[in-house]
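Protein chains: 2
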Amino acid sequence: MLIGGIEAGGTKFVCAVGDENGKVLDKVSFPTGDPDATLAEAKAFFDQHDITALGVGTFGPVDLNRHSDTYGNILNTPKTKWRNYPLLKKFQADYSVPVYLDTDVNAACLGEYNYGVSRGVDSCLYITVGTGIGAGLVQDGKVFQGRNHSEMGHILVQKHEEDPFEGACPSHGSCIEGLASGTAIEKRYSKKGIELVDNEKVWEIEAYYLAQAIMNYFVVLQPEKIILGGGVMKQEKLYSMIRQQFMELLNGYLQVENVNELIVAPSLEDEQGVLGAIALCE
Amino acid sequence: MLIGGIEAGGTKFVCAVGDENGKVLDKVSFPTGDPDATLAEAKAFFDQHDITALGVGTFGPVDLNRHSDTYGNILNTPKTKWRNYPLLKKFQADYSVPVYLDTDVNAACLGEYNYGVSRGVDSCLYITVGTGIGAGLVQDGKVFQGRNHSEMGHILVQKHEEDPFEGACPSHGSCIEGLASGTAIEKRYSKKGIELVDNEKVWEIEAYYLAQAIMNYFVVLQPEKIILGGGVMKQEKLYSMIRQQFMELLNGYLQVENVNELIVAPSLEDEQGVLGAIALCE
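Protein sequence lines, in the order shown, are assigned to chains A and B.
Residue numbering for the first sequence follows my numbering, beginning at 1 and increasing consecutively.
Residue numbering for the second sequence follows my numbering, beginning at 1001 and increasing consecutively.
Bear in mind the hints are in silico, worked out from the structure with no lab data behind them.
Errors might be hidden in some of the hints.
[What the hints assert, rightly or not] To give a feel for the contact side, a few chain B residues facing chain A, derived at Cβ under 7 angstroms:
1. Lys1081
2. Asn1148
3. Ser1150
4. Glu1151
5. His1160
6. Ser1171
7. Gly1173
8. Gln1212
9. Val1220
10. Glu1224
11. Val1259
Every residue, glycine too, gets a C-beta built ideally from N, C-alpha and C.
Bound-form chain A, shown alone:
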């Protein structure tokens, strides 16, 4: 049985065909362009395969409220051509198989939960720290969702005392996305993260913010596993800095047996997104 999966990112689309065991059999990726042209490119790939279902993990915000008239539409994204684009309806029109839609980060979380580093746990949080910050939770095998998908990148955090930066989020300033995303790092220092690798203070502040966000997610959601992915986390030294600051912030209030096993890197070599998209069909 072949299943199709799409990681519909804001920068690139990854399309894959796999089986129910999480084995990817064919894969293609291309830049995200205009909506109709991008979907046509995806269709051309899947036309070569006999898929029985299609799962899509998309960039957001996206309307995932099933009671809503605009269910499955992209919402107010800065990518103007995609704004209000009826993504799910377009997919349903293009394909004769059932289509399952969720966010990119929820799909990535489900991918790691089913096939990766969080296999065997009951609850897993996946946080991506890239251009923006987002997070998804899988609990007892299901993606968590309230009235719509979570917007965890917008929790407010305490400012670092040596950080005068007012924040990059146009809505909230000092939310975690506004202070710790790749965009925030670039705006704060007028340099790309990659040019700041040797500046210790940059990563101390970054780890402080991410540890604080994780502390807040942790007391609210109590996940068994917390996966930190995304471009900013390619600075691998961040993991140990975040773990240390997280434990200091938690201050023994809740028991953590082994923080090195609690806060971890993704394990599926950037395939967690498509694998999770495929798993959405189960």
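Chain A is already provided as a structure; the job is to place chain B on it using the hints.
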């Protein structure tokens, strides 16, 4: 069919017998004393009724991790006689019917979800602001739980610029419980909240903190309904102040159709705890 419910609070126990429609038929309450004596008093009440199951919503922290050796035990509470008390095992030994255990605030949330102001919604957050601060979430009819119950009172929040108080939480200082619980108000001003009713600044700061906590819970959990209960919320003017500050903090990022319907008071006249405890048995 009669079901027993206990709201096992740190100050008082409320025991009730009800039916599956949320009708309370008999009820008693008494101060929380030593553990064994308190449980004996509860038993004396339930011995008068032929119950088929018992639900208990308890103060915490309590071990609700089913994989744990100490599942059902009270954990590290300041009430020293209750520390490590095997609450669930004691109930199971005392009663010949199935016993269901959760936290007091999760039970209260379930009570409102089944019988109260949040009936008909898919997800509901119940926050209690009293001596401490706690919150519980019911999602699709089930109490949300990760590796253990949520500890939402311990999220970190940004300090109000006119608040020099360092916070009352021994673990975190400036978490929401440390800054906005009844205990925090009393420590900050060396007066009880009730003596501060006419001091506008007190409630402005209080509303600022609670609005911030709600903002963070909201973006993470996206509940359809947020119920604010507990002793501090008896200051009814807080509701409109919190709603206003919440909308300012959210700043249009997520759509809220009617904040007066999103953030509300409890509806069950202090019976949400026992009703929810009864509903735990369903």
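>> Less than 7 angstroms between beta-carbons is the criterion; does His1160/B satisfy it with respect to chain A?
In response: violated (12 angstroms)
> Does the CB of Asn1148/B sit less than 7 angstroms away from some CB of chain A?
Replying inline: Status holds, d = 5 angstroms.
>> Tell me if the interface restraint on Val1220/B is satisfied: Cβ within less than 7 angstroms of some Cβ in chain A.
In response: holds (5 angstroms)
>> Checking hints one by one. Is Val1259/B an interface residue toward chain A, by the C-beta closer than 7 angstroms rule?
In response: violated (14 angstroms)
>> Tell me if the interface restraint on Gly1173/B is satisfied: Cβ within less than 7 angstroms of some Cβ in chain A.
In response: Cβ of Gly1173/B sits 9 angstroms from chain A, so the hint is violated.
> Are Ser1150/B and chain A close enough, Cβ to Cβ, to be under 7 angstroms, as the hint says?
Replying inline: Status holds, d = 6 angstroms.
>> Please check whether Glu1151/B passes as an interface residue: C-beta within 7 angstroms of a C-beta belonging to chain A.
In response: holds (4 angstroms)
>> For the restraint on Ser1171/B, tell me whether the closest CB of chain A is nearer than 7 angstroms.
In response: holds (4 angstroms)
>> Hint Gln1212/B vs chain A: min CB-CB distance below 7 angstroms?
In response: Since chain A brings a Cβ to about 6 angstroms from Gln1212/B, closer than 7 angstroms, the hint holds.
>> Hint validation: Lys1081/B versus chain A, beta carbon distance must be below 7 angstroms. Holds or violated?
In response: Constraint on Lys1081/B not satisfied, violated at 21 angstroms.
>> Hint validation: Glu1224/B versus chain A, beta carbon distance must be below 7 angstroms. Holds or violated?
In response: With a minimum Cβ separation of about 5 angstroms from chain A (threshold 7 angstroms), the hint on Glu1224/B holds.
Hint violations for this structure: numbers 1, 5, 7 and 11, all remaining hints satisfied.
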